[in-house]
Amino acid sequence: MAILLHRPEVHELGQALAALRDWQDDHAGMQLHPGDLGWFWRFGPESTAAAVRTWSRDGDILAVGLLDGPGLLRMTIAPGARRDEALARQITADVADADRGVLPPGKAYIEAPSTAVLQDVLAADGWDTDEPWTPLRRDFAEPVEDPGVRIEIVGPEFVADRVDLQVAAFEGSTFNAERWHAMAAGPAYADARCLVAYDDRDNAVATVTVWSAGPGRPGLIEPLGAHHDFRGHGHGRAITVAGAAALRDMGSSSAIVCTPTSNAAGVGAYKSAGFRPLPEVRDRRRDA
Numbered sequence: 001m002a003i004l005l006h007r008p009e010v011h012e013l014g015q016a017l018a019a020l021r022d023w024q025d026d027h028a029g030m031q032l033h034p035g036d037l038g039w040f041w042r043f044g045p046e047s048t049a050a051a052v053r054t055w056s057r058d059g060d061i062l063a064v065g066l067l068d069g070p071g072l073l074r075m076t077i078a079p080g081a082r083r084d085e086a087l088a089r090q091i092t093a094d095v096a097d098a099d100r101g102v103l104p105p106g107k108a109y110i111e112a113p114s115t116a117v118l119q120d121v122l123a124a125d126g127w128d129t130d131e132p133w134t135p136l137r138r139d140f141a142e143p144v145e146d147p148g149v150r151i152e153i154v155g156p157e158f159v160a161d162r163v164d165l166q167v168a169a170f171e172g173s174t175f176n177a178e179r180w181h182a183m184a185a186g187p188a189y190a191d192a193r194c195l196v197a198y199d200d201r202d203n204a205v206a207t208v209t210v211w212s213a214g215p216g217r218p219g220l221i222e223p224l225g226a227h228h229d230f231r232g233h234g235h236g237r238a239i240t241v242a243g244a245a246a247l248r249d250m251g252s253s254s255a256i257v258c259t260p261t262s263n264a265a266g267v268g269a270y271k272s273a274g275f276r277p278l279p280e281v282r283d284r285r286r287d288a
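Just so you know, UniProt numbering puts 170 at position 170 of the sequence shown, and the rest follows in order with no gaps.
Bear in mind the hints are in silico, worked out from the structure with no lab data behind them.
Incorrect hints may have been included.
[As the list claims (entries may be wrong)] Have a look at the derived ranges for each label pair, beta carbon to beta carbon:
id, residue 1, residue 2, range
1, 12, 148, 23 to 31 angstroms
2, 58, 177, 39 to 47 angstroms
3, 232, 139, 25 to 33 angstroms
For clarity, every value in this text was computed on a predicted model and none was experimentally measured.
All C-beta atoms, glycine included, are put in the ideal place defined by N, C-alpha and C.
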């Protein structure tokens, strides 16, 4: 059967989310998560649909991709299809053809599972490797410790603090209240929480959004940040621990996060919060 590339309509996004939930596994390594689509939903359902691509055979979704920035395709593949060479060749052909609407011509990046044969096919087609990223995981076999600070779950009364923290933590952020409400209205947010940490003077100091993929599956931390005026006081560790606790309470088997290996401070903060580094991963890069 032919492998079909599809750009889903808004009403079809639930199928992509369901596939991503089903594919999450503690032993699968870092991969595209339903929370990645959930975080992108801050731009609205139509923009999210425009950024998603699926590859299917005989009606079954085999791969899901998210155009998560100019020239960046983040994707994962069904566990049973990761060694499917026909699928790998079709994806490689689709991303090479700008007319198919996956990637624009010129410099581009693809994030894909490290164990997929797609990595080999892309390499043979001239895709190099990019800078390393470090995935980290915290297992929930044991209870999560108290974060040691006041933590609030974000609802309407805490949206302003949540937005202010995002802008203060990430230079150039365009996050605002409208985008928070758009994200919170998306289907993936039914299994998510936004948290805000406050210090002993009631300053909002750090924030995290965590995404469950369902009971017994790994949950995702995306994003996490501390206010630039309050760094160096352990607030990043505290909000990381709080996010892990929230995921455990939602039934997640573990918490996963990924950060550039060059971000030594970030890697150190996650390790201090009980996360264990996993083998580095690298995107594939096309320079022309």
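Consistency of the hints with the structure:
1. 12 x 148: 23 to 31 angstroms: 44 angstroms, violated
2. 58 x 177: 39 to 47 angstroms: 44 angstroms, holds
3. 232 x 139: 25 to 33 angstroms: 28 angstroms, holds
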